[in-house]
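Asker: Residue numbers (my numbering), protein chains in the order written: chain R, 1 to 75; chain E, 1 to 75; chain B, 1 to 185; chain S, 1 to 185; chain H, 1 to 354; chain W, 1 to 354; chain C, 1 to 250; chain A, 1 to 250.
Honestly, the hints are just simulated from the structure, not real lab data.
Warning: the hint list may mix true and false statements.
Claimed, not checked - Derived SDA-like pairs (lysine to any residue); straight-line CA-CA distance at most 25 Å: (1) K46(W) with R86(S); (2) K197(A) with A156(C); (3) K45(C) with W196(H); (4) K84(B) with Q347(H); (5) K3(W) with R105(S).
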Amino acid sequence: MANKIIIDEMLCKGCALCTVACPQSLITMATELNKHGFFPAVISAENLERCSGCTLCALVCPDVAIKVFRGVKVD
Amino acid sequence: MANKIIIDEMLCKGCALCTVACPQSLITMATELNKHGFFPAVISAENLERCSGCTLCALVCPDVAIKVFRGVKVD
Amino acid sequence: MNHDVFIAGFGGQGVLLIGNLLAYTTILEGNQASYFPAYGVEKRGGAATCTIVMSDTSVGSPVVGAPEAALLLNPLSMEKYYSKIRSGGFALINSSLIDDDGSSRADLQRVLIPANDMALEIGDARLVNMIILGAYVEYSKVVSVDSLAATLKEVLPERNHRFLPMNHKALEAGALFCRQNLAKK
Amino acid sequence: MNHDVFIAGFGGQGVLLIGNLLAYTTILEGNQASYFPAYGVEKRGGAATCTIVMSDTSVGSPVVGAPEAALLLNPLSMEKYYSKIRSGGFALINSSLIDDDGSSRADLQRVLIPANDMALEIGDARLVNMIILGAYVEYSKVVSVDSLAATLKEVLPERNHRFLPMNHKALEAGALFCRQNLAKK
Amino acid sequence: MTKRLFVKGNEAIAMGALEAGCRYYFGYPITPQSDIPEYISRELPKLGGQFIQAESEIASINMLLGASSCGARAMTSSSSPGISLKQEGISYMAGSECPGVIVNVCRSGPGLGGIDASQADYFQAVKGGGHGGYHIIVLAPDSVQEMYDLVMLAFDMSDRYRVPAMILADAVIGQMKEGLTQHRYVAPDDLAPKDWALIGEGKAGEQKVVKSLYLGDGELEAHNNKLHAKYAVMQEKEVRFEAVELDDAELVVTAYGSTARIAKTAVRLAREQGLKVGLLRPITLFPFPNAAYQKYASNGQKVLCFELNNGQMVDDVRLAIPRSEVAFYGRAPGAGSLPTPEEFLAQICKHYEA
Amino acid sequence: MTKRLFVKGNEAIAMGALEAGCRYYFGYPITPQSDIPEYISRELPKLGGQFIQAESEIASINMLLGASSCGARAMTSSSSPGISLKQEGISYMAGSECPGVIVNVCRSGPGLGGIDASQADYFQAVKGGGHGGYHIIVLAPDSVQEMYDLVMLAFDMSDRYRVPAMILADAVIGQMKEGLTQHRYVAPDDLAPKDWALIGEGKAGEQKVVKSLYLGDGELEAHNNKLHAKYAVMQEKEVRFEAVELDDAELVVTAYGSTARIAKTAVRLAREQGLKVGLLRPITLFPFPNAAYQKYASNGQKVLCFELNNGQMVDDVRLAIPRSEVAFYGRAPGAGSLPTPEEFLAQICKHYEA
Amino acid sequence: MTTEMKQVFSRPDSLKDAATHFCPGCQHGTIHRLVAEAMDYFGIKDQTIGVASVGCSVFLYGYFDIDVIEAPHGRAPAVATGAKRVHPGRPVFTYQGDGDLAAIGTAEIIHTANRGELLTVIFANNTTYGMTGGQMAPTSLPGQKTSTTPVGRNVATDGYPIKMAELLSGLDGTAYSVRVAVDTPKHVMQAGKAIRKAFQTQLDGKGFAFVEVLSTCPTNWGMSPVAANQRVADEMIPYFPLGVYKDATA
Amino acid sequence: MTTEMKQVFSRPDSLKDAATHFCPGCQHGTIHRLVAEAMDYFGIKDQTIGVASVGCSVFLYGYFDIDVIEAPHGRAPAVATGAKRVHPGRPVFTYQGDGDLAAIGTAEIIHTANRGELLTVIFANNTTYGMTGGQMAPTSLPGQKTSTTPVGRNVATDGYPIKMAELLSGLDGTAYSVRVAVDTPKHVMQAGKAIRKAFQTQLDGKGFAFVEVLSTCPTNWGMSPVAANQRVADEMIPYFPLGVYKDATA
Ligand SMILES: Cc1ncc(C[n+]2csc(CCOP(=O)(O)OP(=O)(O)O)c2C)c(N)n1
Ligand SMILES: Cc1ncc(C[n+]2csc(CCOP(=O)(O)OP(=O)(O)O)c2C)c(N)n1
Ligand code: SF4
Ligand code: SF4
Ligand code: SF4
Ligand code: SF4
Ligand code: SF4
Ligand code: SF4
Ligand SMILES: [Mg+2]
Ligand SMILES: [Mg+2]
């Protein structure tokens, strides 16, 4: 069941705290500046696959730039 | 050997704290107002005889109105 | 009607009390009055003075340079303030405590009143201030002894009403003494 | 001699540094100069602007309403300040980042300089500001490129002196570019 | 409540404030105004209000800022040194357009000085002792009755303009007792509801913010111009003064507060001597009664300004009537330095002849 | 030390103070003056002096009172809101005849306002923002060089008269950089030894007391009159101003500090247009250069006063020359509201024609 | 059988949908979020009054969707006292920095706590004056280099870092005093709980509630956000131990 | 063999030969004497700088034969700090009342102690504002009637009596913090020792020294001096326990 995070590039200031917080180190920093002149955090498609939705990254994000979703079974 | 205290009537404000402090209750309050309009503390001649010179009265006097003397043998 | 009086004594002589009583009574009689106390950093002991200004129109200055009348209750007040009294004015001197008979000024009406002795006669040393006040209103006629007594009744708490008669007596004694001694001259 | 120049870019482009360098060099050459930075509550990020006023007699106002010259390093500065330049004045536009060629104003001398590209050519993206400054002094002649380089040597700590040659190169590249492009017209 | 009472000026302020609906008081003891907190600590709880003896004058003024921001009628009082400490807070209130009443029962300074009456805080009150070039409403009672009446006016003006209001009294007016006729407070019907304030049980939709910080380009300038526009309106509509025998006066005496009381007797005495002398007594020190001076003292009259300081209000008088001859007589405040009617009369005669 | 430096106005103040022998500094951070404590915290220890970052502006001014009472040259600095908090302390220093230098690098208010340059604290500085009707010396530098020079003068004047001295600057003069020529401080030889102060290793016989409390009859009045007598002497001897092209000027522009700098360019531009315009720049705001205005602006000249506020110094100009026509043009301070030379020039032309 | 996405972490309602002016990695942002989550938790967003102090957190009104009063530097507790006395029914909190609360505001915080005012105080301790450019704060650590302690804080002349959570716990009016950090997810969760409890304490009328949150100032510390965050664990927590210093709410 | 008289109790040198303005039984007088005795003991009368606060003890210079600076209300510790930094070689003490030190002067005393300034602070705690006529002080006891707490101090709204000796002992800069009384000869002797030690602490450069002395205000308590003295034992000491709260001088 797929979990995921969405990083709002416009809110991200590139502090990298989330990269440290992620137990699986799934988050990395972009090499392109965003409109505000920051290198935002990004998560690759394959890393996203492995995201457990644990929210640890979001918890430490000072700019509330990360949304976390968890896949739940419904039948 | 005689000990004694001298109460400075001009400094005394008649608070009576010394009367309480004296272990032998040797000090009393005058019935005549002094120049400042207070009833000063006094010690009678006979009471003075019994003064031990313990300085307790002087210690509690807020107005430093009491001097204490002790008789010391010299030969 | 425009009157002003300066009252001075030492703390405990009830100077401020009669000042209040005089001013308030004046007001209750429908006139204007101001009461201005002198107060010190130490709100205790020492000298007590106040100025009362009374008028049937309106009170201007609550302070007066040369008072029309002065009630002097102790020697210190006599020393400090006697000279300040307006020429042609009135001085009430508590001769029980003040030796100076004020003869240095011929330009004043003077009454030497042995207030402390009179008070003891009436039966309470604390009545000195009432005797003085009675004497003053007899001189100034600004209010009557009876209305002073009435005010006293109003301001005194019930439990102290037993003192009223004595106070009334003191006011009248003061008034009487003043009448006689003013008459003399 | 009376000159003023307004420099604007975003933090990190070294705007304040060349402002300081220009003013200080002017002073070292025996003239007067004032340097006035705009600063915000947040002392960080965002836009960076400063005004330098130079004179051989005395500097009056350190602030200028319509600057004689403006060095615009990023698009935002172009938007905000291009219109403010004094008619007949001079605009240096960093065409590497700014698309607008400023043709909207015929009353100005304009030089479009691809400062970022030139900087990379010389070998360090951070040289943009030096290229711009070189171009400006070429235009204004207020100080020489060499004395700018000399000042730089004085203010830079020893350990950074290895960067001096590159900076000097950048200043000259800017000057050269400006000379050629002013000549064109 | 028509019976005449006999009370201290300080008590009259407290009574007037409570009658005007003041339900929050924050203060710190200081002579000669401590009767105010003492009276209010007795009476306000009975009315369900809150009395706080704060840890300092600074805390008091800031509690006032907080309470007023919530739409309540609130007051603080102090005397000169304490008022100096409130200057930052007053500036914040002015900048935040936060109403509120501040009482200064002046004592003599500078520094610790003494506890006698003084008028040496005039500049501080009317020019703005705090930073930023704001103004506050300043009312100067000269009797116990006015202490009662003007504190009500202060609340109304302060709420109307969202400008803090100060009662500028002194030890004479605060400590003296006179007759007082109480009367019910009636709110002026032009007072708008305080929809700018943090009222009620929560924000109804839009957010309420009380602040003085303006960082956007031009915002603070516009804000300041708005404040000064309000001052101009007050100058139009709110000026109050007392005119005593001015119509035929050749010498116009001017004074406020306690010195005005002394001057009144001096003027009466001068009239008794047949001198054409009158008194112009500003009741609002800010806004200042410029027009009144122009009316009564710019056609050849001489002006004589009395103050219990080394010369402050006299500047505003001179600015109001630059072409008139304005003389000044003052006493520096302090123990034993209260001027007398006789003293003022002598000055009147001197300048009348001259 | 003749080499020309290129420094911030704030740094120049710090350098000038240390050169003048200031060895004790007490301050609290606030924009736009924090460069001053930052510079001094670096340099003063090297000179064996003491730098204290106090817990507040109030603690700072009182540490200054303590240090100055001991005969030392000491300084504090802040900006508008912080200066408001110092008013009680300044009043105490004035009342205690305690010298000392206070720097106000003004920012815009009221309240928190903003951090841009402002001249809206003029009244507070020159009229006495604290209680008690005292005055302090107020010097208004208009360049980085003057920041350095005037702080030395401030120490000398303050010591000479035992009157606190304030440097009234603003964010423009404090934040701008210019050339600075340092020079050795030379103490004026008329400075008396501070035998009133708690100097040395103990009291030599008689007791030294620094206080502002005067309770005896007439004492405080006499003390206040003594203070005002000193102010009169300063008015005689210490006034400083700059006159730019005033001799033939028909329009006299007047401004101080940062607005004077802007006005200088405007006046130059006006002269280039052939207008007979000059500038009168007060350097001492207290004592105020009344005589200069009478000399240059009371014979038919028009006066135009520029300020970065809604009108304050203009009052003193009008009081100095009541019969002259004095116009005012000001901008309320705030972000993006700094006037430009072009703007002032337009006003000059307008009033020149009129 | 399908799986659907459920959002498990989202922006709290009480927080406006706006980017902050805080520097990258500044934990004022984290603390703001936790305060907003507490207001969401109790559903008091529309009742709550926030009192902003002067510091980098001065723009409270820009980020929280609540009524706000802006207090002079250090005086937020006094302003909040005035507001709370007028509206005893509305939750009131102050948000203050260490310069604001532990230096100029010392008298106000101590007496407000001592009066047991029903307030919640959020204290962001970042060991420096952030807004004014990194001067020494009362909480700066021994030896810490700041713009006014160029060679490091010298306790002999500059004094010792003040421990507010401990100091205030000594006052009878304080019902709850705690110190937390937001450097790790675990600490963030604990901090969230503490802030909730501090509001609960007020809502229950138990007394004055104080939460000291250790926070970073990467800009003025001259560190990367990650390094700054590490400093919290390595230097701050050892000097400012986390924990509950007083809990009289039971 | 004869006997001759030796004076065993006399007026200390450091005290001027003047009657005080204090009310009858006011223990400011006793405390003044003890401070004078301490200066005599160390022979520092000619070096010492006294900083007077605003309260009934404002006339320090009238009673002590030493140099004096008069500080604004509550600011004596800041004034003393300025003086001490200029004259590190001179003993400096402040003498402050409870309104002065524990209310308006809270920030100054706390930060002065926290800086470990080499000062001696004498704190006369008489649970009221004596000079201004008996208003509530931060130290007024629960239920105590004062002119601003007509029905008695209500801790719920007026807060709790502050215990300064305890509070200051929590600061690292404080070397010595003690509470004494002068209601009995024994306590007077102990108080004398404590004040001496507080000066010793300064002279030895050990740090900040604080002596809280429980004192009477018969006038504003509306009691006879003897009854007031009794209140110290019956009500004050139980709430403000005597003793040494910190001694880091060893
Ligand atoms: C009376 C006053 N003094 C000083 C200042 C300047 N000032 C603004 S914010 C601040 C302190 C900021 O530090 P802190 O409270 O720790 O908040 P932070 O920015 O670190 O979050 C100061 C001193 C002011 N605005 N008002
Ligand atoms: C700024 C300021 N606020 C208030 C006062 C008024 N005031 C004088 S003494 C005093 C307090 C006296 O109480 P305390 O400090 O306990 O000394 P005590 O008289 O009881 O010995 C106050 C509030 C003042 N002088 N200055
Ligand atoms: S939710 Fe957990 S696993 Fe997924 S990115 Fe964030 S921290 Fe890593
Ligand atoms: S923590 Fe937030 S702001 Fe920092 S990098 Fe990650 S997403 Fe961006
Ligand atoms: S010295 Fe001792 S015995 Fe003598 S009177 Fe005093 S207390 Fe009594
Ligand atoms: S204690 Fe002193 S002042 Fe009091 S009565 Fe005895 S002698 Fe007099
Ligand atoms: S300066 Fe420090 S506290 Fe302020 S926003 Fe930046 S990082 Fe945060
Ligand atoms: S009022 Fe109280 S404290 Fe002051 S002198 Fe009198 S008894 Fe002592
Ligand atoms: Mg901080
Ligand atoms: Mg006390």
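Asker: Take a quick look at whether K84(B) and Q347(H) sit within 25 Å of each other, Cα to Cα.
Answerer: Holds, at about 20 Å.
Asker: Could you grab the alpha-carbon distance between K3(W) and R105(S) and see if it respects the 25 Å cut-off?
Answerer: 43 Å, violated
Asker: Would the hint linking K46(W) and R86(S) be met if the CA-CA limit is 25 Å?
Answerer: 48 Å, violated
Asker: What's the verdict on K197(A) and A156(C), does the C-alpha distance respect the 25 Å limit or exceed it?
Answerer: 21 Å, holds
Asker: Sort out whether W196(H) lies within 25 Å of K45(C), counting only the CA atoms.
Answerer: Status holds; Cα separation ~18 Å.
This entry does not satisfy hints 1 and 5, going by the numbered hints stated previously.
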